[in-house]
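Asks: Knowing the structure of chain A, use the given hints to seat chain B on it.
Those protein sequences? They're chains A and B, same order as listed. In this text, residue positions in the first sequence follow our numbering: the first is 1, and each later residue adds one. In this text, residue positions in the second sequence follow our numbering: the first is 82, and each later residue adds one.
Careful: at least some of the hints might be erroneous.
Below, a sample of chain B positions facing chain A; criterion: calculated Cβ distance under 7 angstroms [claimed, not checked]:
no.	residue
1	Ile95
2	Trp175
3	Ala333
4	Ala379
Please keep in mind that the hints were generated in silico from the structure rather than gathered at the bench. Using N, Cα and C, we set each Cβ at its ideal position, and we do this for glycine too.
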Amino acid sequence: MKSILCVLLAFPAIAVAGSSEMLTESKLATLHGNIQPKAEELVWRDSIPWRTDLWAARREAATAGKPIFLWEMDGHPLGCT
Amino acid sequence: MIDRLSTFSDPEIIRLINENFIPVAENDWFQRRRQDAVGEFFRSVANQGPRKGAGGSTRQGHYALTAGGRLLAFNNNRGAEKHAAMLRRALEEWQALPAAQRAPGAVEVEMLDAGQLDKKYAQLMPEATVVLKTSTRLLKQEGGELVACGADDHPNGWGHLAAHNQMWLQASEIAQLRELDGEEPVDLPSPIAYRLMRFHLVDNTRGEPDFWSRQDVREYQLSLRTPPGAPLRRVIEGHVLLENGKGRGFEAKVLGQLDIAPDADRLTAVEIVALGDHWGSGTYTAGARPGRTPLGIAFSLADPENDPGAGVPPQGSGWLDGYLQADRH
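Pulled out of the complex, with its shape left as it was, chain B reads as follows:
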């Protein structure tokens, strides 16, 4: 989150990267564990720098490297100045390589098919997955309305920014929602309801959140109905009370709708909001505002054309069955 604001929004950093590099972002927790050619390649690059991952520890940071696997520069600093220096150092190292090693096509990199990838840690998106984008934001009351917090409303100066994640639905679940066609409310299928609550009604505004266990779901009622005159629309509404028994909780109302495509098991629009009061911090997300404070989470249909994050697996989906069948695991 801090990197986004302090480093990768800086015009000079943007220019240096766009003019000179192929930029890629990856999840180190999974990448460093991969037992396949991709994991081996990454570890061989990281091992040339200070982050050798002793004991399986983190290798997170910023790497400049060649396609052949030579580390040009590394840092794990924040701030545009240090970062620009690292990129310039990497370019000097790059230019110092023989021209024949830098030429287009000088390095051959084989294609890998899915069968060659580590099934446990490659985090491949299942076929027929529908992706929703989630945004989470701290809110405050102002003039009788709830509005977004500003930098001055949070002690760390960046916790007010919207946080992101993805939610996965399966095409078979969209088919199920299509069949639940009636003006009388029915229960939202429990795998979807529990996935929504446990993995997506979280405060991730200060980094990786703790997710809710099934036992943390103290109370909920989430229903689905078809509004009159809109046979392909499903209105979702209800409330949840999530509480971990250790001083962290979220009590919220959920309201919104999703539109199902007329000819396929996919969605054409999603507008859902969970709004309520959150309290407490997570293991890695200290510094929550004191007491019960307003938190909003918005769900939209992902836009893969304009958002590269749409292809990123949901945080919390590392154990895919546990994520998809969140009502059972």
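Okay, chain A solo, but in the shape it has when bound:
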């Protein structure tokens, strides 16, 4: 018993039964859908036609006679942030 307890304390990651058991073939599609962004989470992306190349946007703005709006972040605003 003591040795089991030691293992549990030393390797909590392995010892605890986890959520992963709920990933089965029959639940794959539902889980895949639940993790995806909902429509209201994509308003910022789908309502504004973001370009991802400042130089190309500059050329486009010059041709259209419009100013540029530039969103700069450490970590791409349309990516992993």
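Replies: For chain B alone, coordinates are given in the frame of chain A:
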């Protein structure tokens, strides 16, 4: 993440931008370092405002500028009201310019070819790249099922939103997957397996995550097989244990499939999920839920027609060889 919700989902902000501006989003970390015409242009604009990048520091924020390189307005605020004020101020500055400077075609901007771009920081997508979209979400148990968390389930009020990234595969790797054709499971090629684990099985729901080192991959088994009657489908399944020795880890099961095009080294569909328990925060992502909590990551085929983010390099691919050969570096 906060900007997406608090600023760029606001109807008035959307209207102001769409009616008046050419909108562009860029990664400041790379942009401010570029030693080419694009980097010079950006720095010359930023230098007109408060973010002069002293010592190489951040220049992140929201800029309104002319194609000729004049800064019209800047802010680094969140919230629709402050942002709308900044956009209106920029439009006033724009309208105050002589009409000849605002006219279509008044500014000439040369074309740049790839050879003129900074190879280190321009982050060009390699030829023959297949792009997967990844979504990451905090989950919770409800009625025996795992469902998406809501705003009330996370103390910061936005960590429940799905986070995004891209995963790159190479056409040569798709060809390799095509050749691994058998009903008996075989190992997923290790460059793909390590890329998947180290750069994409991360909790990025609160911003830029720390990625896993090779040493953090404590245990994994990821296999590939062809299901009966579906010669172009590959089922991926297995489990991973990632742990950095500093209180952050992810233990997950991976399951799903990808479909290979019959006539080319590209994919026609991807449905893969990594699901498990995550614990701990990253360097820039404090505020994780306490203890081991359910985290799901879904992989799909990117849709460049409808998602401008599909063209954005994966976070973590700044050193491309280290990203693509994640099993060796």
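Asks: State for each hint whether it applies.
Replies: Against the structure, the hints come out as follows:
no.: 1; hint: Ile95; result: 5 angstroms, holds
no.: 2; hint: Trp175; result: 5 angstroms, holds
no.: 3; hint: Ala333; result: 5 angstroms, holds
no.: 4; hint: Ala379; result: 4 angstroms, holds
The structure agrees with every numbered hint stated previously.
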